[in-house]
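All chains, please: the whole structure from these sequences, using the hints.
Number of protein chains: 2
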Amino acid sequence: MNDPSAANPLDRIFNARSVAFVGASNNATTMGTIQMLNTLKSIFAGPVIPIHPKADEVLGQKAYPSLRDLPEPVDLAVLIVPTKAVIPVVEDAIARGIKHLVITTAGFREVDDEGRRDEEHLVKLCREHDLRFVGPNCIGVLNAHSGLNTTFFPYRHQAGPLGLASQSGTYVTQTLDLLARWGIGLSKGISIGNAANIDLADALDFFAEDEQTRAVAMYIEGVRDGRRFFEAARRCAAIKPVVALYVGGTQSGARSGASHTGALAGPDALYEGLLRQAGVIRARSVADLFQWGWALATQPVPEGRRMAILTHSGGPATSMADAVERTGMSLPRLSESLQKKIRELIPHTGSATNPIDLTFNLDPKLLNQTLPEMLLESGEVDGLLMHGLQGSSFFEGIRELAGDLVDLDVEQLTSFTSYMAQPLFDMAQRLGKPIVMSAFYDRQDNVIRALQDHQVPVFDMPERAVEAMAALVRYGELRKRTAS
Amino acid sequence: MNDPSAANPLDRIFNARSVAFVGASNNATTMGTIQMLNTLKSIFAGPVIPIHPKADEVLGQKAYPSLRDLPEPVDLAVLIVPTKAVIPVVEDAIARGIKHLVITTAGFREVDDEGRRDEEHLVKLCREHDLRFVGPNCIGVLNAHSGLNTTFFPYRHQAGPLGLASQSGTYVTQTLDLLARWGIGLSKGISIGNAANIDLADALDFFAEDEQTRAVAMYIEGVRDGRRFFEAARRCAAIKPVVALYVGGTQSGARSGASHTGALAGPDALYEGLLRQAGVIRARSVADLFQWGWALATQPVPEGRRMAILTHSGGPATSMADAVERTGMSLPRLSESLQKKIRELIPHTGSATNPIDLTFNLDPKLLNQTLPEMLLESGEVDGLLMHGLQGSSFFEGIRELAGDLVDLDVEQLTSFTSYMAQPLFDMAQRLGKPIVMSAFYDRQDNVIRALQDHQVPVFDMPERAVEAMAALVRYGELRKRTAS
Numbered sequence: 000m001n002d003p004s005a006a007n008p009l010d011r012i013f014n015a016r017s018v019a020f021v022g023a024s025n026n027a028t029t030m031g032t033i034q035m036l037n038t039l040k041s042i043f044a045g046p047v048i049p050i051h052p053k054a055d056e057v058l059g060q061k062a063y064p065s066l067r068d069l070p071e072p073v074d075l076a077v078l079i080v081p082t083k084a085v086i087p088v089v090e091d092a093i094a095r096g097i098k099h100l101v102i103t104t105a106g107f108r109e110v111d112d113e114g115r116r117d118e119e120h121l122v123k124l125c126r127e128h129d130l131r132f133v134g135p136n137c138i139g140v141l142n143a144h145s146g147l148n149t150t151f152f153p154y155r156h157q158a159g160p161l162g163l164a165s166q167s168g169t170y171v172t173q174t175l176d177l178l179a180r181w182g183i184g185l186s187k188g189i190s191i192g193n194a195a196n197i198d199l200a201d202a203l204d205f206f207a208e209d210e211q212t213r214a215v216a217m218y219i220e221g222v223r224d225g226r227r228f229f230e231a232a233r234r235c236a237a238i239k240p241v242v243a244l245y246v247g248g249t250q251s252g253a254r255s256g257a258s259h260t261g262a263l264a265g266p267d268a269l270y271e272g273l274l275r276q277a278g279v280i281r282a283r284s285v286a287d288l289f290q291w292g293w294a295l296a297t298q299p300v301p302e303g304r305r306m307a308i309l310t311h312s313g314g315p316a317t318s319m320a321d322a323v324e325r326t327g328m329s330l331p332r333l334s335e336s337l338q339k340k341i342r343e344l345i346p347h348t349g350s351a352t353n354p355i356d357l358t359f360n361l362d363p364k365l366l367n368q369t370l371p372e373m374l375l376e377s378g379e380v381d382g383l384l385m386h387g388l389q390g391s392s393f394f395e396g397i398r399e400l401a402g403d404l405v406d407l408d409v410e411q412l413t414s415f416t417s418y419m420a421q422p423l424f425d426m427a428q429r430l431g432k433p434i435v436m437s438a439f440y441d442r443q444d445n446v447i448r449a450l451q452d453h454q455v456p457v458f459d460m461p462e463r464a465v466e467a468m469a470a471l472v473r474y475g476e477l478r479k480r481t482a483s
Numbered sequence: 000m001n002d003p004s005a006a007n008p009l010d011r012i013f014n015a016r017s018v019a020f021v022g023a024s025n026n027a028t029t030m031g032t033i034q035m036l037n038t039l040k041s042i043f044a045g046p047v048i049p050i051h052p053k054a055d056e057v058l059g060q061k062a063y064p065s066l067r068d069l070p071e072p073v074d075l076a077v078l079i080v081p082t083k084a085v086i087p088v089v090e091d092a093i094a095r096g097i098k099h100l101v102i103t104t105a106g107f108r109e110v111d112d113e114g115r116r117d118e119e120h121l122v123k124l125c126r127e128h129d130l131r132f133v134g135p136n137c138i139g140v141l142n143a144h145s146g147l148n149t150t151f152f153p154y155r156h157q158a159g160p161l162g163l164a165s166q167s168g169t170y171v172t173q174t175l176d177l178l179a180r181w182g183i184g185l186s187k188g189i190s191i192g193n194a195a196n197i198d199l200a201d202a203l204d205f206f207a208e209d210e211q212t213r214a215v216a217m218y219i220e221g222v223r224d225g226r227r228f229f230e231a232a233r234r235c236a237a238i239k240p241v242v243a244l245y246v247g248g249t250q251s252g253a254r255s256g257a258s259h260t261g262a263l264a265g266p267d268a269l270y271e272g273l274l275r276q277a278g279v280i281r282a283r284s285v286a287d288l289f290q291w292g293w294a295l296a297t298q299p300v301p302e303g304r305r306m307a308i309l310t311h312s313g314g315p316a317t318s319m320a321d322a323v324e325r326t327g328m329s330l331p332r333l334s335e336s337l338q339k340k341i342r343e344l345i346p347h348t349g350s351a352t353n354p355i356d357l358t359f360n361l362d363p364k365l366l367n368q369t370l371p372e373m374l375l376e377s378g379e380v381d382g383l384l385m386h387g388l389q390g391s392s393f394f395e396g397i398r399e400l401a402g403d404l405v406d407l408d409v410e411q412l413t414s415f416t417s418y419m420a421q422p423l424f425d426m427a428q429r430l431g432k433p434i435v436m437s438a439f440y441d442r443q444d445n446v447i448r449a450l451q452d453h454q455v456p457v458f459d460m461p462e463r464a465v466e467a468m469a470a471l472v473r474y475g476e477l478r479k480r481t482a483s
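Residue numbers (numbering that gives the first Met the number 0), protein chains in the order written: chain R, 0 to 483; chain W, 0 to 483.
One thing to keep in mind: the hints can contain errors.
Because identical chains share one entry, a pair is satisfied inside a single copy or across any pair of copies.
DSS-like cross-link-like pairs, simulated, lysine-lysine; straight-line CA separation at most 30 Å [said to hold, decoys possible]:
id	residue 1	residue 2
1	Lys339	Lys239
2	Lys61	Lys123
3	Lys98	Lys479
4	Lys340	Lys83
5	Lys123	Lys239
6	Lys40	Lys339
7	Lys83	Lys364
8	Lys364	Lys61
9	Lys83	Lys239
10	Lys83	Lys339
11	Lys479	Lys339
Keep in mind that the hints were calculated from the coordinates and are not lab data.
And the structure:
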């Protein structure tokens with residue numbers, strides 16, 4: 000288990016081509032049924048097989064009374080059965096030669112001594128028969144690319160480059176809707192639960208090698224085998240960015256985590272130091288975890304701390320400027336020659352020193368192409384922060400207000416705004432410098448949606464954009480230090 | 000101007016019964032037209048009069064060539080004209096006996112020396128003729144109760160108890176959509192711009208007395224008359240909670256602010272101390288400003304720092320627990336007798352120590368009434384944090400997944416969830432202790448929407464809920480200190 004070059008069981012689990020659900024039924028309001036439906040109704044191409052003691056057919060699929068009765072082994076079996084039924088079902092899996100499980104069932108170590116003994120029994124049995132499993136007390140795995148999704152929430156958003164490993168199932172279920180609203184796309188996600196067999200270290204080793212994952216977000220309440228975990232974290236962070244939220248460092252967090260996943264938490268300062276040594280960026284909140292992860296997964300790494308701010312809103316520009324300095328980055332006053340070039344392009348009420356504030360913007364090309372390129376190509380800054388791009392919401396607002404007065408072709412204006420925003424879609428990659436944005440509008444706006452769908456991070460708050468950029472800067476500095 | 004007992008010009012401006020727009024036209028894509036439309040299309044009951052040099056009718060309303068030609072003075076005239084046209088229009092207002100203006104026009108002190116001289120001229124002229132004005136370089140005012148809205152964004156959300164005073168127009172315009180999405184209702188909002196005549200101190204004095212405002216959120220880039228400002232802040236904060244975002248404390252923030260509103264910023268530590276002395280809660284971000292303001296405007300003040308956390312999601316519970324301790328509050332282990340009562344009600348996989356984690360929740364009354372009341376009435380905690388309530392989104396998810404398999408009456412289930420959530424609508428007021436929540440679902444969900452519309456704060460992140468609760472605790476302690 001400690002040899003990272005050995006086959007990682009998560010390779011087979013995430014890329015399972017067939018999956019059985021033990022505990023699905025024709026009652027669509029039970030958890031097992033919903034879990035099966037999420038894979039069944041996705042793009043998943045392989046067989047999705049229900050195991051049911053009595054029914055011949057479940058959710059329109061031929062059902063088998065037990066895993067033993069399957070005509071051939073499945074790549075993955077998902078168990079959503081009562082606690083005391085887990086061992087018998089695992090014995091069925093062993094009998095049928097099934098090697099990989101997701102055990103959703105709770106009621107083990109996280110509950111009481113009896114649960115702890117049951118979990119020890121489970122671990123021993125699987126070890127003896129060479130079975131690998133995720134859980135127990137977990138939501139399992141989702142692969143946004145293959146459609147495999149053993150959680151009980153659908154994955155509706157487009158797949159993206161962010162990998163997610165979590166000790167809490169919530170962050171791989173309830174958050175899927177939130178991540179979609181934020182325009183953040185996952186590659187794969189795993190809830191490890193009690194991590195009795197497959198643990199965070201396995202997940203990190205898997206993500207380190209996974210080509211569809213460009214950065215890893217990790218939620219931790221505490222780890223039992225610290226050495227194993229931090230070694231895996233270091234290996235992964237040497238290959239791609241890893242951001243971690245650790246919430247077991249306070250007494251209250253530790254107590255809550257213990258009753259949740261039975262995790263062993265350690266003092267905050269200890270984890271802080273170990274995470275830093277491993278090259279992991281530490282998040283302070285759930286929002287940090289996902290937003291920093293998204294910036295790290297999508298943006299080039301900045302070479303330094305010098306930022307430009309470009310906007311047509313003075314307030315958010317000032318909030319961004321303040322946050323840039325507070326997060327240890329700098330906002331260089333632009334050179335006289337560059338300021339002169341910019342001043343020739345913007346209204347006289349605007350500002351060209353940095354922040355660059357266009358105030359009222361008449362020419363969309365200025366904000367979408369000319370100025371961003373001018374700034375990023377100037378050599379005077381290492382990254383670009385923008386606030387306030389928008390498209391349809393503006394015109395729809397006018398239509399709502401004045402639709403009876405003017406004949407506004409909102410559809411044409413809207414598609415014009417997406418067209419004008421196109422240069423930004425790949426600008427960061429093209430020029431090798433990160434761009435992070437904020438907007439008070441969301442994906443209802445066509446320009447925000449298009450930017451997010453092209454993996455330009457657009458967050459809801461100016462400070463959130465700055466803090467995500469600061470995480471990119473920290474990662475860049477970490478990488479330099481490790482390389483030298 | 001320094002006598003707070005004197006008539007506040009904002010009384011007349013916010014409560015204007017008639018308003019003229021100088022600079023509105025029949026071109027619905029110009030700023031002045033949009034500004035006029037926002038009042039014209041609102042619930043505003045009084046006359047909305049366009050001033051236009053040539054047109055007889057603008058936006059369906061009889062137009063006058065100049066303010067001089069009005070049959071009677073209006074309570075408020077809004078100027079959206081070129082910089083050099085401001086003085087002549089003000090002279091028209093003087094000639095017609097109009098006493099209150101909003102001057103949207105920019106290009107004054109914030110731009111250059113010539114602008115500074117123009118602004119001085121404007122100030123002198125108005126002082127001589129006893130005119131009071133908001134601006135220049137501002138978006139003006141909105142009164143969510145009367146419908147008056149001189150900004151160029153519509154106010155679509157229900158009115159609420161939060162007053163907003165801002166040096167940046169953005170926070171009274173672009174954010175209206177965001178605030179609506181967050182379920183936050185404004186009473187009134189004002190963008191003071193360059194504050195050449197009416198300033199933040201006037202706004203604070205107004206909000207202190209305004210019955211529709213129960214807390215004040217304030218965005219500051221820097222103030223010129225510090226003494227006047229801090230005295231008004233102290234007066235207001237002695238009456239109701241005031242939360243302030245000050246972004247001029249860093250060099251970068253100060254430079255950005257100077258070019259934006261010509262504000263004179265001071266060192267961060269100086270403002271920090273002065274704000275604290277004035278009894279103002281300091282926000283660190285735009286999100287803090289609005290979310291803390293909303294919690295302060297809607298929730299009873301906690302008597303102490305002891306919090307309970309109630310949820311059916313272990314991850315967010317642990318994030319909340321960690322944040323409770325980091326923000327200086329406490330998460331007391333509940334008494335044995337209370338734990339016992341709770342354990343009898345929740346599944347055996349749940350936890351009763353605090354956080355109270357129901358894990359899978361079967362009885363909605365438990366989460367919506369029984370447990371919240373039991374906790375708040377126990378005398379063991381001073382406030383309640385909750386995560387994870389939801390309604391329609393769950394059932395709609397199942398319908399989407401399994402609509403062909405089961406005959407789910409989503410409408411009935413949805414209205415059942417709102418019905419079950421009703422005890423929470425007034426529980427905080429009823430029991431005199433604050434409740435702050437988070438959910439990864441938004442107002443698309445009927446329960447989240449209903450809670451927010453009953454002024455129960457529901458934020459998108461567990462840590463955001465905790466931080467807003469911590470702001471309530473700080474305000475409570477501040478108030479005790481002031482009272483003693």
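Each hint tested on the structure:
no.: 1; hint: Lys339 <-> Lys239; verdict: neither (40 Å within a copy, 48 Å between copies)
no.: 2; hint: Lys61 <-> Lys123; verdict: neither (32 Å within a copy, 86 Å between copies)
no.: 3; hint: Lys98 <-> Lys479; verdict: neither (41 Å within a copy, 63 Å between copies)
no.: 4; hint: Lys340 <-> Lys83; verdict: between (73 Å within a copy, 26 Å between copies)
no.: 5; hint: Lys123 <-> Lys239; verdict: neither (34 Å within a copy, 62 Å between copies)
no.: 6; hint: Lys40 <-> Lys339; verdict: neither (57 Å within a copy, 43 Å between copies)
no.: 7; hint: Lys83 <-> Lys364; verdict: between (65 Å within a copy, 29 Å between copies)
no.: 8; hint: Lys364 <-> Lys61; verdict: neither (57 Å within a copy, 38 Å between copies)
no.: 9; hint: Lys83 <-> Lys239; verdict: neither (41 Å within a copy, 57 Å between copies)
no.: 10; hint: Lys83 <-> Lys339; verdict: between (75 Å within a copy, 25 Å between copies)
no.: 11; hint: Lys479 <-> Lys339; verdict: neither (34 Å within a copy, 55 Å between copies)
In summary, the numbered hints that this structure violates are 1, 2, 3, 5, 6, 8, 9 and 11.
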